[in-house]
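Undergrad: Numbering (my numbering), first residue to last: 1 to 267.
Please note that the accuracy of each hint is not assured.
As the list claims (entries may be wrong) - Here are the simulated DSS-like cross-link-like pairs (lysine-lysine), alpha carbons at most 25 Å apart as the crow flies:
| # | residue 1 | residue 2 |
| --- | --- | --- |
| 1 | K264 | K164 |
| 2 | K242 | K164 |
| 3 | K8 | K164 |
| 4 | K164 | K72 |
| 5 | K242 | K223 |
What the hints assert, rightly or not - Restraint-style ranges between C-beta atoms, simulated for each label pair:
| # | residue 1 | residue 2 | range |
| --- | --- | --- | --- |
| 6 | H127 | R165 | 20 to 26 Å |
| 7 | S214 | V194 | 16 to 22 Å |
| 8 | S185 | V69 | 19 to 25 Å |
| 9 | Q95 | I221 | 21 to 27 Å |
| 10 | V220 | I175 | 32 to 38 Å |
| 11 | S184 | T63 | 26 to 32 Å |
| 12 | T148 | G174 | 32 to 38 Å |
| 13 | I226 | G170 | 31 to 37 Å |
| 14 | S184 | G228 | 23 to 29 Å |
| 15 | G68 | S214 | 45 to 51 Å |
Don't read these hints as lab results, they were simulated from the structure.
Since the model is a prediction, treat every value here as computed from it, not as a measurement.
Cβ coordinates follow ideal geometry from the N, Cα and C atoms, glycine included.
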Amino acid sequence: MNSSSLPKILITNDDGVHSPGILAAINAVSSFAEVMVLAPASQQTAMGRAYRGNPDATLVETTLTVRGVPFKAFSCEASPARTIDHGLTVLSGYQPDFIISGINYGENLGSSITSSGTVGAAMEAAHRGIPSIAVSLETPVDTHLTYTDQDWTAATYFLQHFTKRAIHEGFPQGIDLLKIDVPSSASTECPWRVTRLSHNSYYRTDLSSPSMESRLKDYVITKGLIQGEPEDTDIYAIAVDKVVSVTPLRLDFTAHGSMNDLHKWGK
């Protein structure tokens with residue numbers, strides 16, 4: 001922990017530096033932490049952990065105000081992971097104790113999380129050895145790219161709870177980051193559940209009449225439960241039981257249980 005009396009928390013997202021979700025995240029943790037924001041300058045949803053950005057982009061300093069209190073913020077015209085990488089490189093004298101990515105418009109569930117810029121930014125933090133939380137609020141698909149009014153109360157409550165525990169106790173061994181998803185119907189009394197990442201995709205892209213003339217913008221994005229979804233997954237927790245899903249993640253994607261079988265393939 002830093003010598004400062006308060007832990008240093010860096011907040012990022014994939015919805016852009018002026019997202020109401022990032023203001024909600026500040027509100028969740030600023031009472032017990034020194035908060036700074038480092039986020040993309042514009043909407044970067046579904047960028048995953050891509051290292052993309054305007055080659056001429058630089059950090060731009062701004063101020064975000066929450067409940068009348070100003071907070072220092074930096075933005076970059078780049079993907080979430082690239083913004084974190086560039087920002088922490090340029091701000092070399094600054095070392096956060098913890099990174100929060102969110103609060104995101106739209107839940108990030110199942111195998112779809114590899115395309116999530118919210119999760120991608122948290123993974124970039126974990127890659128740098130900084131514990132992180134990716135937190136998302138369930139919202140309709142048509143709100144994922146716009147700043148609609150949402151009730152952030154439950155999401156801020158659970159973000160505050162798990163951030164405090166993580167800072168004071170550290171993650172349990174083997175966990176690099178936490179993924180928290182909050183159902184739209186949740187209150188602060190909503191139960192929460194430790195879940196595993198579903199093998200299924202939660203979001204689907206469909207074309208009504210695929211042809212060589214089909215355009216990328218013609219796709220319709222839908223979401224929902226697949227029949228037979230296991231009850232211990234993040235998708236089931238949100239889509240069926242409507243409870244808060246807390247999924248521990250790690251950067252190691254290795255299928256360790258299959259390594260011996262693969263060795264048998266020989267040359």
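Undergrad: Starting from K242, check that the Cα of K164 is at most 25 Å away, please.
TA: holds, 24 Å
Undergrad: I want to verify a distance hint. Is the separation of the beta carbons of I226 and G170 within 31 to 37 Å?
TA: Since I226 and G170 have Cβ atoms about 35 Å apart, the given range 31 to 37 Å holds.
Undergrad: Holds or violated: the 20 to 26 Å window for the beta-carbon distance between H127 and R165?
TA: At 22 Å between Cβs, range holds.
Undergrad: I want to verify a distance hint. Is the separation of the beta carbons of S185 and V69 within 19 to 25 Å?
TA: Distance hint for S185, V69 is violated at roughly 30 Å.
Undergrad: State, for the Cβ atoms of S184 and T63, whether the hinted interval 26 to 32 Å holds or is violated.
TA: Once the Cβ atoms are compared, 30 Å apart, the range 26 to 32 Å for T63 and S184 holds.
Undergrad: Go ahead and decide if the range 21 to 27 Å is satisfied by the Cβ distance of Q95 to I221.
TA: With Cβ atoms ~38 Å apart, the hint is violated.
Undergrad: Kindly confirm whether 32 to 38 Å is satisfied by the beta carbon distance between T148 and G174.
TA: The hint (32 to 38 Å, Cβ to Cβ) holds, given that T148 and G174 are roughly 37 Å apart.
Undergrad: Within 45 to 51 Å: is that where the Cβ-Cβ distance between G68 and S214 falls?
TA: Once the Cβ atoms are compared, 50 Å apart, the range 45 to 51 Å for S214 and G68 holds.
Undergrad: Between K164 and K72, is the straight-line Cα distance small enough, at 25 Å or below?
TA: holds, 21 Å
Undergrad: CB of V220 to CB of I175, is that within 32 to 38 Å?
TA: holds, 36 Å
Undergrad: With 23 to 29 Å as the target window, see if S184 and G228 comply at their CB atoms.
TA: Hint holds: Cβ distance 24 Å, inside 23 to 29 Å.
Undergrad: Quick check: does the Cβ-Cβ distance between S214 and V194 fall within 16 to 22 Å?
TA: violated, 41 Å
Against the hints set out earlier in the document, violations occur for numbers 1, 7, 8, 9.
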